[in-house]
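K.L.:
What follows is the residue order along each chain.
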Amino acid sequence: MSDPIKIRATVRGSDGEVRVLLPHPMESGQRRDAGGQAVPAHFITSLTLSINGRPVIEGGLGTAVSANPLFGFQFAGVKAGDKVAVAWLDNKGQRGSAEAVFAAG
Amino acid sequence: MGSRRHFLQAFGSAGVLAGLVGSGLLRPGQALAVDFNRAAFDARSAADALRLIGATGAETSADILLKAPEIAENGAAVPIEVISNIPGTTRLSVLVDKNPFPLALQFNFAPPAVARFQAKLKMGESSRLRIVASAGGRHYTVFREVKVTAGGCG
Numbered sequence: 121m122s123d124p125i126k127i128r129a130t131v132r133g134s135d136g137e138v139r140v141l142l143p144h145p146m147e148s149g150q151r152r153d154a155g156g157q158a159v160p161a162h163f164i165t166s167l168t169l170s171i172n173g174r175p176v177i178e179g180g181l182g183t184a185v186s187a188n189p190l191f192g193f194q195f196a197g198v199k200a201g202d203k204v205a206v207a208w209l210d211n212k213g214q215r216g217s218a219e220a221v222f223a224a225g
Numbered sequence: 013m014g015s016r017r018h019f020l021q022a023f024g025s026a027g028v029l030a031g032l033v034g035s036g037l038l039r040p041g042q043a044l045a046v047d048f049n050r051a052a053f054d055a056r057s058a059a060d061a062l063r064l065i066g067a068t069g070a071e072t073s074a075d076i077l078l079k080a081p082e083i084a085e086n087g088a089a090v091p092i093e094v095i096s097n098i099p100g101t102t103r104l105s106v107l108v109d110k111n112p113f114p115l116a117l118q119f120n121f122a123p124p125a126v127a128r129f130q131a132k133l134k135m136g137e138s139s140r141l142r143i144v145a146s147a148g149g150r151h152y153t154v155f156r157e158v159k160v161t162a163g164g165c166g
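Protein chains in written order, with our numbering: chain A, 121 to 225; chain B, 13 to 166.
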């Protein structure tokens, strides 16, 4: 959980691509540990991507998103230097955020 | 289940939203017009989830591309890519019919984001994978059967 979010934001022409890795266990609540105890659900429930401070993608997540979620997104009409910010919130109220800048790819 | 329900109530509270606004990540008046229906994520059948996201009766469309493996060797991380070529697509939803909670993921898009994404899903068993694209208040769908050789609902 303490691992930082990884963001790779590249732009070619005016087309941008953002790949985001969110370190998170994404426990489904379906699993049992070695002692047979149910492992409580612990998963990201919402995700926001902003470009230059304006939210442009908002996600609602369920337990079926893989551990350490990796997402790819595409943008039309961005340029090198534009800022992308990522923020998540999980079902325990924990949150994480990070920022990156589009670079020519 | 108890703690989950408690959370769902908390998520709808003004306090949580105020926290997001205060962080500067969500700014009043700038957020997309969304409020994800968390009850849909709690639905235990695809039919219920579709009803709760308002997509019952979505019409099949060849303008939604769904890339997914025919056979997934690892159900814990099934890679998918979804591209909607339906003009004005503002939301894409992903359902895994046979998962305990079929609704896996929803994304809302506003320019300059395009209605397209890549993600990895957990699939407990072989199942229909279903995409719903929402555009202009209408819903379109495409689905594909994905065979899972080792389940991943852990």
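One or more of the hints may lead you astray.
As the list claims (entries may be wrong) - Below 27 Å or equal to it, Euclidean Cα-Cα: the simulated DSSO-like pairs (lysine-lysine) are:
1. Lys126/A <-> Lys159/B
2. Lys159/B <-> Lys79/B
3. Lys110/B <-> Lys203/A
4. Lys126/A <-> Lys199/A
5. Lys126/A <-> Lys212/A
6. Lys126/A <-> Lys203/A
7. Lys132/B <-> Lys110/B
8. Lys212/A <-> Lys110/B
9. Lys110/B <-> Lys126/A
10. Lys132/B <-> Lys79/B
11. Lys110/B <-> Lys159/B
12. Lys110/B <-> Lys79/B
13. Lys132/B <-> Lys159/B
14. Lys212/A <-> Lys159/B
Please keep in mind that the hints were generated in silico from the structure rather than gathered at the bench. For clarity, every value in this text was computed on a predicted model and none was experimentally measured.
K.L.:
Next step is simple, just say for each hint if it's right about the structure.
P.N.:
Quick rundown of the hints versus the structure:
1. Under the criterion of a C-alpha separation no larger than 27 Å, the hint pairing Lys126/A with Lys159/B is inconsistent with the structure, at around 31 Å.
2. The suggested pairing of Lys159/B with Lys79/B holds, with an alpha-carbon distance near 14 Å, which does not exceed 27 Å.
3. Restraint check for Lys110/B and Lys203/A: not satisfied, since their Cα atoms lie roughly 39 Å apart, outside the 27 Å limit.
4. Restraint check for Lys126/A and Lys199/A: satisfied, since their Cα atoms lie roughly 20 Å apart, inside the 27 Å limit.
5. Distance restraint check for Lys126/A and Lys212/A: the Cα-Cα separation of roughly 22 Å lies within the 27 Å cut-off, and the hinted pair is therefore satisfied.
6. As the CA atoms of Lys126/A and Lys203/A are separated by approximately 14 Å, the hinted pair is consistent with the 27 Å bound.
7. This hinted pair checks out: Lys132/B and Lys110/B have alpha carbons roughly 16 Å apart, not beyond 27 Å.
8. A threshold of 27 Å between alpha carbons decides the hint, and for Lys212/A with Lys110/B the separation of about 26 Å falls inside it, so the pair holds.
9. Between the alpha carbons of Lys110/B and Lys126/A the distance comes to roughly 31 Å, so the proposed pair goes past 27 Å and is violated.
10. This hinted pair checks out: Lys132/B and Lys79/B have alpha carbons roughly 12 Å apart, not beyond 27 Å.
11. With a CA separation close to 12 Å, the supplied pair Lys110/B and Lys159/B stays within the 27 Å bound.
12. Only pairs whose Cα atoms come within 27 Å are accepted, and Lys110/B paired with Lys79/B is accepted, the gap being roughly 19 Å.
13. Of the pairs offered as hints, the one joining Lys132/B and Lys159/B holds, with about 15 Å between alpha carbons and a cut-off of 27 Å not exceeded.
14. With a CA separation close to 33 Å, the supplied pair Lys212/A and Lys159/B exceeds the 27 Å bound.
In the structure shown, a violation is registered for the earlier hints numbered 1, 3, 9, 14, in ascending order.
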